[in-house]
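Spelled out, the chains give:
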Amino acid sequence: MVSSIGRHIEVDALSAEAVLIERAQARDEAAFEQIMNLYADRLYNYIVRLVGNPTDAEDLLQEVFLRAYQGLPNFDGRASLSTWLYRIATNLCIDHQRKRARRVQTVSYHAAEDEDGEPSEWELPDTQTPDPLDAALSRELQQVVEQAISMLSPKLRTVLLLYDVENLSYEEIARVLKIPIGTVKSRLNHARGQIQKQVDKYLRGESI
Amino acid sequence: MKCTHYERWLWDDLEGRLSAAQRQELYAHLQVCARCQRQRDTVLTTYRTLHALPRRRAPEHVVQQVRTRLQERSQTRAIPAWWKRVALAPALGLVAAAMWWGWLSMSSNEERTGVATKPSPAEESWVEIHEQLEVADWSPTVSYFIKTGYTR
Ligand SMILES: [Zn+2]
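Protein sequences, first through last, are from chains Z and P. Position 132, counted from 1, in the first sequence is what our numbering calls 132; the numbers after and before it change by one each time, with no gaps. Position 126, counted from 1, in the second sequence is what our numbering calls 126; the numbers after and before it change by one each time, with no gaps.
There may be inaccurate statements among the hints.
Only pairs whose alpha carbons sit at most 30 Å apart, straight line, appear in this in silico DSSO-like list of lysine-lysine [what the hints assert, rightly or not]: (1) Lys197(Z) to Lys2(P); (2) Lys2(P) to Lys185(Z); (3) Lys2(P) to Lys99(Z); (4) Lys155(Z) to Lys99(Z).
To spell it out: a stretch of chain Z is covered by chain P in this simulated footprint if at least three of its residues, at any positions, have a beta carbon under 8 Å from a beta carbon of chain P; those stretches are [as the list claims (entries may be wrong)]: (5) 81-94; (6) 139-147.
I should point out that these hints are in silico values taken from the structure, not numbers from a laboratory. Note that the Cβ used here is the ideal one computed from N, Cα and C, for glycine as well.
Construct all of the structure, not just a fragment, from the sequences and the given hints.
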């Protein structure tokens with residue numbers, strides 16, 4: 001019963017999105033703005049972690065939307081809109097990172113902090129952590145994981161972010177990256193293995 | 001089976017991807033293997049941390065900026081048709097002159113070196129513009145004039 005209601009809501013959301021897409025394809029800018037509002041946070045979250053720099057991420061997000069608007073008339077709806085947008089974002093980020101590759105750059109998540117050392121615009125997850133020690137520990141762990149993500153190769157990083165952070169399915173990732181599902185799985189295993197290694201070091205008190 | 005294999009199963013188990021038999025096998029192994037027990041703790045911590053990473057909010061001005069840029073573009077596109085017709089002829093002339101000049105310098109290069117030189121990126125962009133012109137419904141936009149320097 002519950003799942004059937006859930007499915008109805010999902011179908012409703014999908015058809016509402018289909019209507020939005022159709023309107024945006026007919027150059028209805030208000031409809032496109034709604035699409036942007038629907039996807040801005042998700043895409044920004046992904047892009048920031050992919051390029052490791054909030055300022056670049058802002059520019060890239062803008063570019064993703066401009067490209068999407070441009071390409072929307074050719075969007076045939078075979079892929080879902082989210083898959084298509086993640087694909088544009090991934091391609092732009094890869095291109096951007098290639099251009100920056102010559103510059104020596106250590107991507108550090110501390111760059112996402114304001115002058116006062118506080119993280120800017122972070123939204124803490126809904127889980128309540130009443131114990132301050134637990135909170136400190138989880139915050140440290142987050143930093144370990146964020147840093148480990150930033151050290152992954154782009155191939156591994158994209159898959160890990162899409163699966164474990166953005167919650168896309170294997171199939172969706174295969175469509176975003178145009179790679180076989182088997183490759184998605186093996187990259188995910190490799191990526192997780194590397195993150196896990198850093199977490200293990202941290203838990204054992206070794207310097208990372 | 002090797003421990004590395006079970007390590008992968010630890011992830012699969014968290015996502016409910018193991019069969020009952022596989023789960024049984026994994027838990028039997030965990031009972032006797034201290035290494036995999038520790039790995040289970042690490043995998044669990046990694047999984048939980050990954051799935052609870054703070055989510056960032058896209059700055060609101062990004063959507064506003066895109067909206068502004070789209071409006072600018074649509075205004076650019078709304079050039080009167082008569083102006084497009086008037087402007088097309090000199091634009092075509094300019095491109096033809098540029099191509100003539102490019103051809104001249106290329107052929108003189110060939111004469112000097114005896115080999116055909118690879119076109120420079122600037123030359124390639126001219127070829128690109130030429131190809132754009134061949135599109136039947138092409139009409140110049142303001143950005144085109146700016147790019148080609150026509151308005152200067
Ligand atoms: Zn073992």
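- request: Report holds or violated for chain P covering the segment 81-94 of chain Z, Cβ cut-off 8 Å, minimum 3 residues.
  value: Since three or more residues must qualify, the claim that chain P covers the segment 81-94 of chain Z is violated, with 0 doing so at under 8 Å.
field: Given hint Lys99(Z) paired with Lys155(Z) - CA-CA distance at most 30 Å
entry: holds, 16 Å
- prompt: Has the given pair, Lys2(P) with Lys99(Z), been kept, meaning a C-alpha gap of at most 30 Å?
  reply: violated, 42 Å
task: Three residues minimum, CB to CB under 8 Å: does the segment 139-147 of chain Z make the cut for coverage by chain P? Let me know.
output: holds (count 5)
task: Starting from Lys2(P), check that the Cα of Lys185(Z) is at most 30 Å away, please.
output: Given that 30 Å is the threshold and the Cα spacing comes to 19 Å, the pair holds.
message: Next pair to validate is Lys197(Z) with Lys2(P); report whether the Cα-Cα distance is within 30 Å.
response: holds, 18 Å
The structure shown violates the earlier hints numbered 3 and 5.
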